[in-house]
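Visitor: Here is what each chain is made of, one letter per residue.
Protein chains: 2
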Amino acid sequence: MNPELHIIGTGSATPARERHPSAQVLKIGSSKILIDCGEGTQLQLLKLGIRHTGLDFICISHLHGDHYFGLIGLLSTMSLMGRTQSITLIGPPELKEILELQIKVGNMHLNYEIIHLKTDGIHAQDILTTDEFKISCFPLKHRIHCTGFRIEETPSQRHLNIDAVKLYDIPINHYKAIKAGADYLSPSGERIDNAILTSDPAPSRAFAYCSDTIFDPSIVPFIEGVDILYHESTYTKDLIDRANLYFHSTAEQAATIAQLAGVGLLIIGHFSSRYDSDSLQLLLDEARTQFPNTELAIEGRVFLV
Amino acid sequence: MNPELHIIGTGSATPARERHPSAQVLKIGSSKILIDCGEGTQLQLLKLGIRHTGLDFICISHLHGDHYFGLIGLLSTMSLMGRTQSITLIGPPELKEILELQIKVGNMHLNYEIIHLKTDGIHAQDILTTDEFKISCFPLKHRIHCTGFRIEETPSQRHLNIDAVKLYDIPINHYKAIKAGADYLSPSGERIDNAILTSDPAPSRAFAYCSDTIFDPSIVPFIEGVDILYHESTYTKDLIDRANLYFHSTAEQAATIAQLAGVGLLIIGHFSSRYDSDSLQLLLDEARTQFPNTELAIEGRVFLV
Chain A
1 MNPELHIIGT GSATPARERH PSAQVLKIGS SKILIDCGEG TQLQLLKLGI
51 RHTGLDFICI SHLHGDHYFG LIGLLSTMSL MGRTQSITLI GPPELKEILE
101 LQIKVGNMHL NYEIIHLKTD GIHAQDILTT DEFKISCFPL KHRIHCTGFR
151 IEETPSQRHL NIDAVKLYDI PINHYKAIKA GADYLSPSGE RIDNAILTSD
201 PAPSRAFAYC SDTIFDPSIV PFIEGVDILY HESTYTKDLI DRANLYFHST
251 AEQAATIAQL AGVGLLIIGH FSSRYDSDSL QLLLDEARTQ FPNTELAIEG
301 RVFLV
Chain B
306 MNPELHIIGT GSATPARERH PSAQVLKIGS SKILIDCGEG TQLQLLKLGI
356 RHTGLDFICI SHLHGDHYFG LIGLLSTMSL MGRTQSITLI GPPELKEILE
406 LQIKVGNMHL NYEIIHLKTD GIHAQDILTT DEFKISCFPL KHRIHCTGFR
456 IEETPSQRHL NIDAVKLYDI PINHYKAIKA GADYLSPSGE RIDNAILTSD
506 PAPSRAFAYC SDTIFDPSIV PFIEGVDILY HESTYTKDLI DRANLYFHST
556 AEQAATIAQL AGVGLLIIGH FSSRYDSDSL QLLLDEARTQ FPNTELAIEG
606 RVFLV
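Residue numbers (our numbering), protein chains in the order written: chain A, 1 to 305; chain B, 306 to 610.
Where hints are given, some of them may not hold.
[Unchecked claim] Computed cross-link-like contacts, DSS-like style, restricted to lysine-lysine with a CA-CA straight-line distance of at most 27 angstroms:
(1) A:K141 x A:K96
(2) B:K423 x A:K96
(3) A:K118 x B:K409
(4) B:K401 x A:K104
(5) B:K471 x B:K481
(6) A:K179 x A:K134
(7) B:K401 x B:K423
(8) B:K439 x B:K332
(9) B:K484 x B:K471
(10) B:K423 x B:K446
(11) B:K423 x B:K409
(12) B:K352 x A:K47
(13) B:K401 x A:K96
(14) B:K332 x B:K423
(15) A:K118 x B:K401
(16) A:K118 x A:K141
(17) A:K104 x B:K423
(18) A:K96 x B:K332
(19) B:K481 x A:K141
(20) A:K118 x A:K96
(21) A:K176 x A:K134
(22) B:K439 x B:K481
(23) B:K409 x A:K104
(24) A:K179 x A:K166
(25) B:K446 x A:K104
Because the hints were derived from the structure by calculation, they are not lab data. From a predicted model like this one, the values you see are computed outputs, not experimental measurements.
Start from the sequences and build out the full structure, keeping to the hints where you can.
Guide: This is the structure in structure tokens:
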């Protein structure tokens, strides 16, 4: 099953009546990965029917409030609701200090462990690999240390060609190696090429998340060829000076990055509160001129990766 | 004009789909006082059309997340939106450390001053007096230090009886003393009783806020005779054991406190998420059996104090 990307919140720092600050959930394999957690995320999850079960990974891009002020509330609620399963939290080093202080002063006790994998916002890191996916971090250029994430499925094993395997009378204990790509050497010394015994697996799907960042083509190698790229698009291009000043991007710039990286689909979000629901079309049109396969991050939308 | 109490959020620690965590705004004189600030309060204010103008005072009862996790987001937004006017924050000492840490790691800069008046959750304090109102704190019994608030209008001056003042030919420079209650001594030595020269002003209105607390009649002297008492009512009385365990109150207990204190109106809130919108009536009925003049804190409701 393809991963699914759920848009939870898509506003920027100044609240807009109809938008919540940044949050997305990637459902991948048996897991859910929450990426950024602005204020109100836990209520949005409740409203959108996304349960905490399987929500075992949380990535925080940086410590501007619209990307993490909802984290302590969500973690606290998870404990109140009986969670005992540990959570892996990928984010800046200072996150731990903030959470610990709030837990201490509230005399709270979390009934589960938080495994904190620290990002530094400077170096690219392969930060986590599970049986189902890999998460890599790369630096974005923002006003404070900020991290982009690339999440891709662990490559599937090759599909065994059952007819061929039977034809060559291959013992079961060799299947594992063959699915991993090995040729088969028979007792009589005959080599059967792996290409005869297997076929290609479904390609691994990949998603990348870039928020918040000034226009920066140096990130292209990290996001190259992903099926979906989420890239912030705070402003339309007439406000490029403002974008540069605050280290944000315009819709056109996001589309340029998508084009340079040869991604499948671009999703733009983190819209300035100056754009109401109707005027988001301006951002979409601007991006599509440069990169036609672009969609808006609208809360509640689900994209198949 | 009577003070107005606006209900912003009325849930308890576990989020409910249709409720936000604790927050209320008291409009009194030319000011707005925000009392508690659960996650999402800033979005609720936006939705309910309550502007930040005049929102110069914030009271935080205690450091359980459902009462303050929305504070840093609101303060940050106020700065982004250009606020320069200082804010007086009344709450536990540790609030300052939490806010300063989050401001530091986010490299944020607030464009206004926060004046922090510390509550200790142990002693009663007259913590703030302005020309328009007085805020007093008193200890509640909860799992961590928790403070109740009594807010009352500064008594108005007595109304000058213009006819009487003219009749006795009283010079204008004596008006101030007379409005403050003084008799008038004429140059000829005649004493004119203040009761002849003035009439009673409109009575000062008073509001008290009690969240979260176990049933505790020792608070009665602090809330005696207020026009509106807000008292938490997390459970119905069949769950009294749970209420005691978690240092919360039942609807019946809240009503008993209202009765003992001889208040005008009781408002109950901080409802457990086990009660959906329909079953809040159970809590209301239970309270009204004991104290008929009770209302539910429903988000968006406004009460005249």
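Visitor: Next step is simple, just say for each hint if it's right about the structure.
Guide: Evaluation of the provided hints:
| no. | hint | in the structure |
| --- | --- | --- |
| 1 | A:K141 x A:K96 | holds, 23 angstroms |
| 2 | B:K423 x A:K96 | holds, 26 angstroms |
| 3 | A:K118 x B:K409 | holds, 18 angstroms |
| 4 | B:K401 x A:K104 | holds, 14 angstroms |
| 5 | B:K471 x B:K481 | holds, 15 angstroms |
| 6 | A:K179 x A:K134 | holds, 20 angstroms |
| 7 | B:K401 x B:K423 | holds, 9 angstroms |
| 8 | B:K439 x B:K332 | holds, 13 angstroms |
| 9 | B:K484 x B:K471 | holds, 15 angstroms |
| 10 | B:K423 x B:K446 | holds, 18 angstroms |
| 11 | B:K423 x B:K409 | holds, 21 angstroms |
| 12 | B:K352 x A:K47 | holds, 17 angstroms |
| 13 | B:K401 x A:K96 | holds, 18 angstroms |
| 14 | B:K332 x B:K423 | holds, 22 angstroms |
| 15 | A:K118 x B:K401 | holds, 26 angstroms |
| 16 | A:K118 x A:K141 | holds, 18 angstroms |
| 17 | A:K104 x B:K423 | holds, 18 angstroms |
| 18 | A:K96 x B:K332 | violated, 38 angstroms |
| 19 | B:K481 x A:K141 | violated, 63 angstroms |
| 20 | A:K118 x A:K96 | holds, 9 angstroms |
| 21 | A:K176 x A:K134 | holds, 22 angstroms |
| 22 | B:K439 x B:K481 | holds, 22 angstroms |
| 23 | B:K409 x A:K104 | holds, 19 angstroms |
| 24 | A:K179 x A:K166 | holds, 15 angstroms |
| 25 | B:K446 x A:K104 | holds, 19 angstroms |
In this structure, the earlier hints numbered 18 and 19 are contradicted, and the remaining ones agree with it.
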